[in-house]
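Chemist: Letter by letter, the chains look like this.
There are 2 protein chains.
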Amino acid sequence: MKFTLILSFFLLAISFTALSQDKQNTAVAEKGLIKISVMYPFADGKTFNMEYYETKHMPMVAGFLGANLVKYTIEKGIASGIPNQPLPYMAIGTFYVKSLSNYQAAIAPNRDAIRADFANYTNIAPVILVSEVVK
Amino acid sequence: MKFTLILSFFLLAISFTALSQDKQNTAVAEKGLIKISVMYPFADGKTFNMEYYETKHMPMVAGFLGANLVKYTIEKGIASGIPNQPLPYMAIGTFYVKSLSNYQAAIAPNRDAIRADFANYTNIAPVILVSEVVK
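Protein sequences, first through last, are from chains A and B.
Be aware that the first sequence starts at 1, since it is given in my numbering, and climbs by one per residue.
Be aware that the second sequence starts at 136, since it is given in my numbering, and climbs by one per residue.
Worth flagging that the hints you see were computed from the coordinates, not collected in a lab.
Misleading hints may appear alongside valid ones.
[Claimed, not checked] Under the rule of at most 16 Å between Cα atoms (straight-line distance), these lysine to aspartate or glutamate pairs were calculated in the EDC-like manner:
(1) A:Lys135 - B:Asp252
(2) A:Lys71 - A:Glu54
(3) A:Lys71 - B:Glu165
(4) B:Lys211 - A:Glu30
(5) B:Lys270 - A:Glu51
(6) A:Lys71 - A:Asp44
(7) A:Lys71 - A:Asp117
(8) B:Lys166 - A:Glu132
(9) B:Lys211 - A:Glu54
(10) A:Lys76 - B:Glu186
(11) B:Lys206 - B:Asp252
(12) A:Lys135 - B:Glu189
(13) B:Lys270 - A:Glu54
(14) B:Lys206 - A:Glu54
(15) A:Lys98 - A:Glu30
(16) B:Lys206 - B:Glu189
(17) A:Lys76 - B:Asp252
(18) A:Lys31 - B:Glu189
(19) B:Lys191 - B:Asp252
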């Protein structure tokens with residue numbers, strides 16, 4: 001009886017701890033982080049292989065960033081949100097990192113490998129934005 | 136004894152259910168959603184009041200979207216990620232929604248109110264991208 005009661009409270013304590021940590025991870029995941037957005041402008045004749053980007057290029061770059069990388073995202077451009085305007089970007093890949101200087105230090109020795117891989121999925125020169133996540 | 140044992144398993148079941156749902160919510164939060172990105176290009180003479188945007192404008196627009204809105208984000212542009220290039224965007228606000236048509240239906244009757252509020256925080260005409268979250 002006593003053992004089972006102790007076990008109950010123990011399991012309950014573990015569960016609440018796990019839950020609160022999980023919620024905390026979700027809540028603090030982005031605010032205050034540095035976000036690097038690699039944006040591929042649309043234009044006539046421009047191509048983008050999303051399958052290669054998702055399965056090869058982004059995992060490769062993410063692998064260079066180590067524990068500084070909190071998460072990375074990929075989105076596929078569908079349309080302009082303004083009627084009769086051209087699609088602004090064919091694709092955007094982003095990296096959420098804790099430290100911009102650590103990001104730059106991790107990318108620098110791999111810049112040639114990253115650029116050489118561009119030709120495997122696109123003929124677009126990307127626009128790159130460094131921003132701070134406000135919310 | 137029997138009661139405590141049943142209580143143990145009951146608590147354990149609740150905890151695991153809560154945990155697995157929480158993880159699932161986190162994992163499926165973005166993939167497959169529609170993302171509307173409102174991007175404010177930087178240029179000489181352009182201004183942007185982040186405090187007003189964060190506390191007034193974005194909550195107002197988010198309020199129009201109801202249950203279709205999964206989350207919204209705000210980021211502040213810091214620099215270009217390419218040396219010697221100008222800052223691409225001063226700010227970006229995004230809405231992650233389940234349905235593009237529901238988003239459009241919710242925004243349409245409020246478009247004048249949204250546009251009228253622009254002058255309260257910026258003199259920039261935004262670029263708007265509709266995209267699909269791939270990862």
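Chemist: Output the numbers, in ascending order, of every earlier hint that fails for this structure.
Modeler: 1, 6, 7, 8, 9, 10, 11, 14 and 17
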